[in-house]
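S.K.: Read off the chains here:
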Amino acid sequence: DAGVTQSPTHLIKTRGQQVTLRCSPKSGHDTVSWYQQALGQGPQFIFQYYEEEERQRGNFPDRFSGHQFPNYSSELNVNALLLGDSALYLCASSLAVSRVIHEQYFGPGTRLTVT
Amino acid sequence: RKEVEQDPGPFNVPEGATVAFNCTYSNSASQSFFWYRQDCRKEPKLLMSVYSSGNEDGRFTAQLNRASQYISLLIRDSKLSDSATYLCVVNPPGANNLFFGTGTRLTVIP
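So the sequences go chain by chain: A and B. Note that my numbering numbers the first sequence so that position 27 is 27, with each residue one more than the last. Note that my numbering numbers the second sequence so that position 107 is 107, with each residue one more than the last.
By construction, these hints were calculated from the structure, which means they are not laboratory data. Hints should not be assumed to be uniformly reliable.
[What the hints assert, rightly or not] So the derived list for chain A, only partly shown, Cβ under 7 angstroms to chain B, looks like this:
1. Q41
2. P43
3. E103
4. F106
5. P108
6. G109
Glycine included, every Cβ here is placed at the ideal spot set by N, Cα and C.
Construct the entire structure; sequences and hints are all you get.
M.R.: Listed below in structure tokens is the structure:
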């Protein structure tokens with residue numbers, strides 16, 4: 001049973017560039033959430049996708065956007081990268097039961113460095 | 001005020017010791033609570049859910065105090081392999097995301 005997978009594992013980008021991160025949820029899960037974890041901090045919620053729609057969004061600017069595909073996989077896009085976007089980006093999958101989210105399981109993350 | 005607050009530590013304890021972590025949450029109507037464990041440069045992994053009645057899994061015991069809005073994690077007979085960061089996590093009402101504390105760093109010393 002494959003767990004949550006993310007790609008790439010590491011990425012180095014330059015300020016102003018754009019980046020796309022990818023996530024495949026755990027088998028049987030239908031909901032994908034994205035989190036940003038800066039060094040020394042807990043993960044911060046970016047947004048969540050369910051039924052191919054953004055269901056909820058955290059306090060992140062519009063430079064952060066996403067998508068969910070029919071197979072439940074998801075992408076996170078960040079435009080106009082800033083140095084402060086350097087972080088570990090975590091994807092978490094879960095199963096919505098009666099539209100209520102229960103435990104979330106995390107992928108290994110993508111470590112993004114912006115120079 | 002932050003949704004979830006934790007003492008960042010670090011906690012340095014000898015093998016075999018008992019250690020307890022607390023965290024507080026701001027939304028009194030929150031319904032779901034969890035403890036996650038995160039090893040250095042790895043993803044958070046669900047350690048245990050926290051139920052109103054408290055729950056135990058081997059050496060780990062989690063408790064919820066709704067009146068004081070805090071959650072605790074007790075680790076008995078600490079092992080070297082318990083060294084990690086422990087994240088307190090809350091799912092507020094009406095939200096489908098998780099709010100994480102900053103984590104408490106534990107180092108178990110031989």
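S.K.: Now tell me, hint by hint, if it's right for this structure.
M.R.: Hints versus structure:
About 6 angstroms separates the beta-carbon of A:Q41 from the nearest beta-carbon of chain B, less than 7 angstroms, and the hint is met. With a cut of 7 angstroms, the hint placing A:P43 at the interface with chain B holds, because the nearest CB-to-CB distance is about 5 angstroms. A least Cβ separation of about 5 angstroms between A:E103 and chain B falls short of the 7 angstroms threshold, and the interface hint therefore holds. With a least beta-carbon distance of about 4 angstroms to chain B, the hint placing A:F106 at the interface is held under the 7 angstroms criterion.
Interface hint status for A:P108: upheld, as the beta-carbon distance to the closest one in chain B is roughly 5 angstroms, under 7 angstroms. The interface hint given for A:G109 holds, since its Cβ lies 5 angstroms from the closest Cβ of chain B, which is under the 7 angstroms cut-off.
Hint check: no violations occur; every hint is consistent with the structure.
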